[in-house]
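Peer 1: Taking the hints into account, I'd like the entire structure generated from these sequences.
For reference, the chains in residue letters:
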Amino acid sequence: MSAAQPSDAKRLVTLTVNGLERSGVAEPRTLLVDFLRHELGLTGTHVGCEHGVCGACTVRMDGEPIRACIVLAVQAQGASIETIEGLADGEALHPIQQAFREAHGLQCGFCTPGMVLAVQSLLEENADPSEQEIREYLSGNVCRCTGYVGIVAAVQRAARKLAGAE
Amino acid sequence: MPDRPEITGTLLQKPQYVGTRILRTEDPRFLTGRARYTDDVRLPGMLEAAFLRSPHAHARIASIDVSAAQALPGVHGVFTGRDLAAVLAPFVSTVAGRGGVRPLTQHAIPFDKARHVGDPVAVVVADSRYLAEDACDAIAVEWEALPAVVDPEAALAPGAPLVHDDVPDNNFAHIEFASGDVERRFAEADRVFSKRFHHGRLSPAPLETRAVVADFDRSTGAVTIWTSSQTPHLVRSLLVPVLGIPESRIRVIADAVGGGFGLKCQVFKEEAVIPALSKLVGRPVKWIEDRREHLAASVHAKEVISYLDIACTREGRFLAFRARYVGVNGAYQAHPWTALVDPMTTAAALPNLYDVRDVAYQIDCPYTNRCMTGAYRGVGRTPGTTARESLIDDIARELAIDPVELRLRNCIGDAPSVSATGARYDGGTYRACIEKARAACDYDGFRARQAAARAAGRHLGIGFSPYVEPTAWGSDMAKVQGYVASEIFDAAQVTVEPDGSVSVSAGLHNHGQGLETTLAQVAADTLGVRIEDVRVSMGDTAVAPYGFGTHSSRAAVIGGGTVMRAGTEVRRKMARIVGHLLEVSPEDVEFRDGAAQVRGVPGKRMTIAEIAAVAYFGGARRPPDMEPALTSTRSFDPHEVWPNGCVVAAVEVDVETGGVRIEKLWSVEDCGVLINPMIVEGQTAGALAQAVGGALLEELAYDENGQLLAGTLVDYLYPSSTEVPPMEFLHVETPSPVTEGGMKGMGEGGLSVTGAAIVNAVADALAPFGITITRTPLSPTTILALLREARERRAAPTAA
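Just so you know, the sequences run in chain order A and B.
So that you can map any letter, position 121 of the first sequence is 121 in the working numbering, and since no number is skipped, the others follow by simple counting.
Quick note: to get the working numbering, add 166 to the position in the second sequence (first position is 1).
FYI, nobody ran anything at the bench for these hints, they're computed from the structure.
Any given hint could turn out to be false.
Label pairs and their in silico Cβ distance ranges [said to hold, decoys possible]: (1) B:Val333 / A:Asp62: 56 to 62 Å; (2) A:Ser139 / B:Glu829: 17 to 23 Å; (3) B:Ala234 / A:Ile70: 26 to 32 Å; (4) A:Gln77 / B:Ala311: 45 to 51 Å.
A few chain A residues that face chain B, going by a derived Cβ cut-off under 8 Å, partial list only [as the list claims (entries may be wrong)]: (5) Glu85; (6) His104; (7) Cys108; (8) Val116; (9) Val142; (10) Arg144; (11) Lys161; (12) Gly164.
Okay, the calculated bits of chain B under chain A, using three or more residues with CB under 8 Å as the criterion [as the list claims (entries may be wrong)]: (13) 223-229; (14) 309-320; (15) 675-684; (16) 835-848; (17) 884-895.
All values reported here derive from a predicted model rather than from experimental measurement.
Idealized CB from N, CA, C, for every residue including glycine.
Peer 2: And the structure:
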């Protein structure tokens, strides 16, 4: 297989990221995560495996959590993307971010952005999940540091905060 | 001798922060995506590199043709091992001062042959990673396959193919040790029990792979290297002879690091190659390792084959331990610790907390055509503990003694003591932790539940694994672990700035341990300031005083110790200023909440900001012989520090599917004075989870031709939130007599011993079937095979 001239195939991708319209150049083969990180400068989304297993690259596309390492940038044309950079309200952490801090739900922080966005979707789908439901929902987001103890506690705490109980 | 053992730093009498569950100060930047990992570094004109790596386990490179790759648009250079050897000196890896070890000289990229799947053979620099990988595909390599050295024990036999042509027996090291009269004890013993245990091959597998960015400046001859490392100064020092650049012109920055677990306390050849490429092409170069490279070509760990013999009385009193360890290295040496980091520390921990004076061991460390082995959290202890504790459970079953009782019967006393392998234990709660664990898991209740379940055809099991473990590696600890010529310490600088805020800078590294918080807790309590006024920075050799980085459970003890020492000097200086200005004795000045207060005189008070203003800008108001800056840099090299504890696992095994479900894990730990119990528990939880992976899921398997069978995360199985069980953490706090503040290290014990507890729990569950566990991981296939073999043994007439 010859390495064809990739530059010929470059195209403009326009999408909404965290509520703002953004555009950038992508080859057809450019991964969405590389586009977000390197073309748009949103380095809060991380790359852990590049084959859709670890969940570090989780972002939300049109409200659904997806793995940005197995989606092409061109597939996100016109979509609405949410990344970790859009979650806090100015200096005020989102209740899920607060809960992660209070429950020691992070250590090295590399899985954290993807994990937090996955939790956001979990709590939108199920405002009061059981421990088992939390563990099952997050089983596609690997954390190598915490043993998930603090993460499970953080989700429970975030659920209480979002319900106005804390 | 320097003042190493002397304890000179002091916390305030009533610490406000040490011992509390204070929330982590570093969290907000990680939670908002603001943390800067190496792949987030972007420099003007930066290019990207990709390595072409061997698909063969062992093959001679007959020729390499890079012309087609070189000609591709966007490619700035293609370099082979020979090209790089012209600008990079080789790494020479050995354990200095240790007899029986044969140093290995290794080039950054080999140019005669590839020695494992993933061994680099060329590197491309291009406008983007995508183009660099395209160019790798366009490199033509003519390979001549060679027979692969795969079986580690066959590798040591005469006539085996050679991994390195100048290492005739494939053995990096042969080490022997004996203390007491081991052979006589074995001859006199009532019973001798033996076991061969093959611990699985694991990867630390941090979620962030390795990553390097280098910017060589031709105008100054200086290079800045961003790297995902636990040990920035070690990278700098060890690159000096390889790059040929003076240490003062190498700046290493390790900002946010996405997990290390020991893997990133090694200095990798790629950390030399990328700076060399930047020098060759004259532009900044970035390399981000992909997951397959990480699994095939970073380091592997913990694969040790242990042959263990225990001599004991019929009452179960251990008389002597004898072991042979084969550390299953790959093709190279992880720099600087070498592949001995596993088997040598396995051996050093042989007697552990058992009261056995007669101990002997031998170590061999063969090369094979695999990825090299190196450090992974709990070095050496994981395979050694699993082998020893599993044999102890076998003995308990054979002698019909309760396994917890058997351990208590042989456990050392609490007072400081010296082990048969020369370890100087600083005293602990060895028996008490086992007893506390037994109570926490309701051992008697579990046994009753187990009996009822067995009657109903379900198989529950419980396993214990107690320990004492080496932490806070300074020079003494490194030596007793086998690094006989190592001198290791750390330094920190504490500064009260002109406005009264506090800066702490340390040569350690923070990659998940919460060190920015714990060092701020210690600094605040040493100076009497509010924790919000302390800023801790690490990870940049241009800023931090020299240090050996964060690994080996050393950061809290040594970092805390250096901060206490330096902070105490600064506090004493501030007390002198206050004494001078308010005409009182400095001894009567107390610090709290950011102010100095003269004891018993409520009106006599100065804020830290007022004191700092006098120190820096007060001129004649300062005591006449005092220098202005409120700063101190101190180092600390502690004596050996040995925390202890016990982990218990309760499991249920499904004998139809071979599946193991862990009901719960309990961890009891005595790591001395706790700085932040929340962080201690977080570290323990992570270590326990990694042990679950090692015991049940993870394995870097190779086939008989040396092909790696676990090159993706679909094959190398991380424990996910559904496999990691609930956990309970219990603490005992016995201050160490040999450290500043009484802290002991922690963070590794969970991974060192929990695998053993899980193995013992599975063996206990399956005791009615008469199985013996001799390897990890205990995958469903392995469990079913054990059950099948046991069935066949029972069915067959006793032939042997």
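Peer 1: Hints first: check each against the structure and report whether it holds.
Peer 2: A quick look at each hint next to the structure:
Val333 (chain B) and Asp62 (chain A) have their C-beta atoms about 58 Å apart, which keeps the hinted 56 to 62 Å range intact. Evaluation of the 17 to 23 Å hint for Ser139 (chain A) and Glu829 (chain B) yields a pass: the beta carbon distance comes to about 18 Å. The beta-carbon spacing between Ala234 (chain B) and Ile70 (chain A), approximately 30 Å, falls within the hinted interval of 26 to 32 Å. Between Gln77 (chain A) and Ala311 (chain B) the beta carbons are some 46 Å apart, a value that agrees with the proposed interval 45 to 51 Å.
Here the hint on Glu85 (chain A) is kept, as its CB sits about 5 Å from the closest CB of chain B, short of 8 Å. For the restraint placing His104 (chain A) at the interface with chain B, the shortest Cβ-Cβ distance is roughly 5 Å, inside the 8 Å limit, so the hint holds. Interface hint at Cys108 (chain A): satisfied, since its Cβ lies 4 Å from the closest Cβ of chain B, which is below the 8 Å cut-off. The restraint placing Val116 (chain A) at the interface with chain B holds, with a minimum CB-CB distance near 7 Å, inside the 8 Å limit.
The restraint placing Val142 (chain A) at the interface with chain B holds, with a minimum CB-CB distance near 5 Å, inside the 8 Å limit. The closest approach between the C-beta of Arg144 (chain A) and any C-beta of chain B is roughly 5 Å, which is under the 8 Å cut-off, so the hint is satisfied. Annotation: interface hint on Lys161 (chain A) violated; nearest CB of chain B at approximately 14 Å, more than 8 Å. With a cut of 8 Å, the hint placing Gly164 (chain A) at the interface with chain B is violated, because the nearest CB-to-CB distance is about 21 Å.
Taking a C-beta to C-beta cut-off of 8 Å, the region 223-229 of chain B contributes 0 residues in contact with chain A, too few for the three needed, and the coverage statement is violated. Three residues within the 8 Å Cβ limit are the bar, and the region 309-320 of chain B against chain A gives 0, so the coverage statement is violated. As drawn, the region 675-684 of chain B meets chain A at 4 residues by the rule of a beta-carbon pair under 8 Å; at three or more, the given contact holds. For the region 835-848 of chain B, the proposed coverage by chain A is satisfied: 4 residues have a C-beta within less than 8 Å of a C-beta in that chain, meeting the threshold of three.
Given as covered by chain A, the region 884-895 of chain B passes the check, having 6 residues with a CB less than 8 Å from a CB of that chain where 3 are the minimum.
In terms of the numbered hints stated before, the structure departs from hints 11, 12, 13, 14, listed from lowest to highest.
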